[in-house]
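A.B. asks: Each chain, written out:
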Amino acid sequence: MRKFLSTTAAAIALAFTTVPVANAADLKVGLVLTLSGPPGALGKQAEDGFNLAVEKLGGSLGGANTTVVVVDDELKPDVALTRVKSLLERDDVDIVVGTIFSNMLAAIYKPVIKADKILISPNAGPSTFAGEKCHPNFFVTSYQNNQNFEALGKYAQDNGVKRVFMLAPNYQAGRDAMNGFKKYFKGDIADEVFTPLGHKDFSAEIAQIATSKSDAVFTFMPGGMGVRFVKQFDEAGLSDKMTFLSAFTVDETTLPAQKDAAVGLFGAGTWAPDFDLDRSKDFVSSFEAKYGYVPGSYAMQAYDAALLIDSAVSAVDGDVSNKEGLMAALKEAKFDSMRGTFTFNNNQYPIQDFYLLNIAKRADGKYQTEIAEKILENSGDSFAAECKM
Amino acid sequence: MSLFLVQSLNGLQFGILLFLIAAGLTLVFGVMGFINLAHGVQYMIGAYLTFMFFQWTTNFFIALLLGMIVALIIGLACEMFIFRHLYQRNHLDQVLATFGIILFVNELVKVIWGPSSLILPPPEIFSWSFEIIEGLRYPIYRLVVIAVGITVAVGLYFAVFKTRVGMLVRAGATNPEMVSALGVDIKRLFMIVFGFGTMLAGFAGAIAAPMFSLEPNMGDDLLITVFVVIIIGGIGSIRGAFIAAVLIGLLDTLGRAVTTDILRLFFDPSTANQIGPALSSMLIYILMAVVLFFKPEGLFPVHRAG
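If you read the sequences in order, they're chains A and B.
Mapping the first sequence onto my numbering, position 254 (from 1) lands on 254, and the numbers just tick up by one.
Mapping the second sequence onto my numbering, position 232 (from 1) lands on 232, and the numbers just tick up by one.
Among the hints, erroneous ones may be present.
Unchecked claim - Here are the simulated DSS-like cross-link-like pairs (lysine-lysine), alpha carbons at most 27 Å apart as the crow flies:
(1) Lys-110/B x Lys-259/A
(2) Lys-162/A x Lys-182/A
(3) Lys-361/A x Lys-281/A
(4) Lys-331/A x Lys-56/A
(5) Lys-259/A x Lys-200/A
(6) Lys-290/A x Lys-56/A
(7) Lys-290/A x Lys-110/B
(8) Lys-76/A x Lys-110/B
(9) Lys-110/A x Lys-85/A
(10) Lys-366/A x Lys-110/B
(11) Lys-114/A x Lys-76/A
(12) Lys-200/A x Lys-133/A
(13) Lys-334/A x Lys-56/A
(14) Lys-200/A x Lys-162/B
(15) Lys-388/A x Lys-331/A
Stated by the list, open to error - Simulated DEER-style distance windows between Cβ atoms:
(16) Gly-264/A x Ile-286/B: 37 to 47 Å
(17) Leu-108/B x Gly-292/A: 20 to 30 Å
(18) Met-282/B x Leu-277/A: 43 to 53 Å
As the list claims (entries may be wrong) - Per the computed footprint, the stretches of chain A lying under chain B, defined by three or more beta-carbons under 8 Å from a beta-carbon of chain B, are:
(19) 183-197
(20) 200-207
(21) 236-245
(22) 283-289
Honestly, the hints are just simulated from the structure, not real lab data.
Note that the Cβ used here is the ideal one computed from N, Cα and C, for glycine as well.
Please model the complete structure; the sequences and the hints are all you need to start from.
C.D. replies: If you want it as structure tokens, here you go:
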């Protein structure tokens, strides 16, 4: 399934009637996102965020007429590979923006880099490409995966949490989450429990948590798993008894289902819809006006990715064939991020602040994450030192 | 000890749910020799229909009733228009066709209700909880599900063993040609069995929805476990399905709770953490292998003629 968002007729007309800027060329951006299945809600956020930015900039990023081609990786590595190849060979895109999930990034990384195109990840930030294997063509506008978990571990350590029960799905990201948390947390660990991916009934795990004498639970349960776990956790009456520290478990993609059950729980991230910055508030209100739901970090990171491209393309006067100049300008990251200041580390992953997020019910009855307190300031990831770039 | 009791309760409740889905599947498989992979889809349909009617009526019980009626109609329509034409085909054709239905219906559900997880609240009168052990509240709704499941199991037992239709169903499972030769409309019998089976799966989905969440593909993971249940129980046997379902429910739940702890006695913690979760997911398949080794027809084999 592919959708084309072509420039508006007005923009095209404008291109023909005015004197073209020197070397101005068209820009083609390919988006590789997960749009099908239950995790499709995440990809939808990123797609809408990116398109909103292109629309706000009048259909042109950095003065180049912009065409956005969206493909769905279906959360299958082979599909991602086929789709990205067609983006590179048939659509001849200049920049690939993707993906949501780290295992999809692993699938498209090589073909994009081999074709010497620019790859910008709006969400996935695996350790794999942050260290030794970093590459000048690869940029990340989100975070390095471990950082959210490290921030939670630091919060637990600094706030007198003594004993933590840890719960995550049994796959690589779940194990990374636990290791990330343990980087700063040095207290007691009651138990580390791994559940199958897509787990339905957490009653057995919740009984273990209730009898573990922990004062906090740390978890990473993305998507539907998070919806079920949070609901059952709340039903068991544990929300009032222990601190709930999580990442990717209570966010704008799961809150519409979790509702009140999530209020009082904590998440971690680099941004929330109530972020105290005028342009960020503008972004949230125009996003909600257009799409009718609250943007989460997935939408914001894709929006930032579009702004980043805009800044770099305008630095080379719209000449996207000047690849060296374009990459240098991307690395500069001279754009107005929704997170305030934005700088790239030497491995081209961001250096940024991490916050504890709480869940709030807004006056209009919708739910959103809100900034509670800053945990880490100007934090780079733990792998950048291994990157020789 | 009390924790063990709570975990057993959780296991029992999972087993009951498995039984409700397995009952229909084992009859369809046993009586008609028809492999219906789309049985899990009926579980999902039951849940989503009840959710939809709940939004319209805001009464759980009316929504459940309407949901079951529509689920039955959908089941019968599928039987008449699709499955009926597959009974004479080989198992591979049946698997392919019903797999196609899974893909189609999952996509349809996504188009209508969206890909995100949805929540169906339990009925008002069962939405409280009590402190089962210190520090842990147990939703009363889960106990209601166990009670309802056992009631359905007893009802099914009477229907299959004490009524005339039940007798024909059992006879059909043993020797369909002979039943047909004796003047019984076997086609109609199949249709009743099929419609009833899909409705039970839909019922399971609807009563499970307030405990878990609704999402496309929600029946597919369960279906594999349900196949394990009917194979262990003996294909076509209601009694076998019940015992196997409870066995699997307990083994899976208790297994997940204790496997890693037991392994920690023998290995260092990080190794135990690596092996434990994998091993506990395998337990039910290990049980199936063991049962099949000693009793290749399952625990309660249905005696077939010829």
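A.B. asks: Taking the hints in turn, state whether each one holds.
C.D. replies: Results of checking the hints against the structure:
Our distance criterion of 27 Å between C-alpha atoms is met by Lys-110/B and Lys-259/A, whose separation comes to about 21 Å. Between Lys-162/A and Lys-182/A the alpha-carbon distance is near 13 Å, which keeps this suggested pair within the 27 Å criterion. A hinted pair counts as satisfied when its Cα atoms are at most 27 Å apart, and Lys-361/A with Lys-281/A qualifies at roughly 17 Å. For the given pair, Lys-331/A sits about 23 Å from Lys-56/A by alpha-carbon distance, which is consistent with the 27 Å threshold.
For the proposed pair Lys-259/A and Lys-200/A, the alpha carbon gap of about 19 Å is at most 27 Å, so the pair holds. For the hint pairing Lys-290/A with Lys-56/A, the CA-to-CA distance comes to about 11 Å; that is within 27 Å, so the pair holds. A hinted pair counts as satisfied when its Cα atoms are at most 27 Å apart, and Lys-290/A with Lys-110/B qualifies at roughly 22 Å. Note on Lys-76/A and Lys-110/B: the hinted pairing holds, with a Cα-Cα distance of about 18 Å set against a maximum of 27 Å.
Between Lys-110/A and Lys-85/A the alpha-carbon distance is near 11 Å, which keeps this suggested pair within the 27 Å criterion. At roughly 22 Å between alpha-carbon atoms, Lys-366/A and Lys-110/B fall within 27 Å of each other, so this suggested pair holds. As the CA atoms of Lys-114/A and Lys-76/A are separated by approximately 21 Å, the hinted pair is consistent with the 27 Å bound. At roughly 37 Å between alpha-carbon atoms, Lys-200/A and Lys-133/A are farther apart than 27 Å, so this suggested pair is violated.
Restraint check for Lys-334/A and Lys-56/A: the C-alpha separation of about 18 Å stays at or below 27 Å, so the hint holds. Between the alpha carbons of Lys-200/A and Lys-162/B the distance comes to roughly 36 Å, so the proposed pair goes past 27 Å and is violated. For a cut-off of 27 Å, the pair hint linking Lys-388/A to Lys-331/A stands: about 15 Å separates their Cα positions. Taking 37 to 47 Å as the suggested C-beta distance range, the pair Gly-264/A and Ile-286/B conforms, at roughly 41 Å.
Taking the beta carbon of each, Leu-108/B and Gly-292/A are about 23 Å apart, inside 20 to 30 Å as hinted. The given range of 43 to 53 Å is respected by Met-282/B and Leu-277/A, whose C-beta atoms sit roughly 50 Å from each other. For a cut-off of 8 Å, the count of residues in the segment 183-197 of chain A with a CB near a CB of chain B stands at 5, and the three-residue condition holds. Restraint check on the segment 200-207 of chain A versus chain B: 7 residues with Cβ-Cβ distances below 8 Å, three needed, restraint holds.
Counting residues of the segment 236-245 of chain A whose beta-carbon sits less than 8 Å from any beta-carbon of chain B gives 4, enough to reach three: the coverage restraint holds. Counting residues of the segment 283-289 of chain A whose C-beta sits closer than 8 Å to any C-beta of chain B gives 0, which falls short of three, so the coverage hint is violated.
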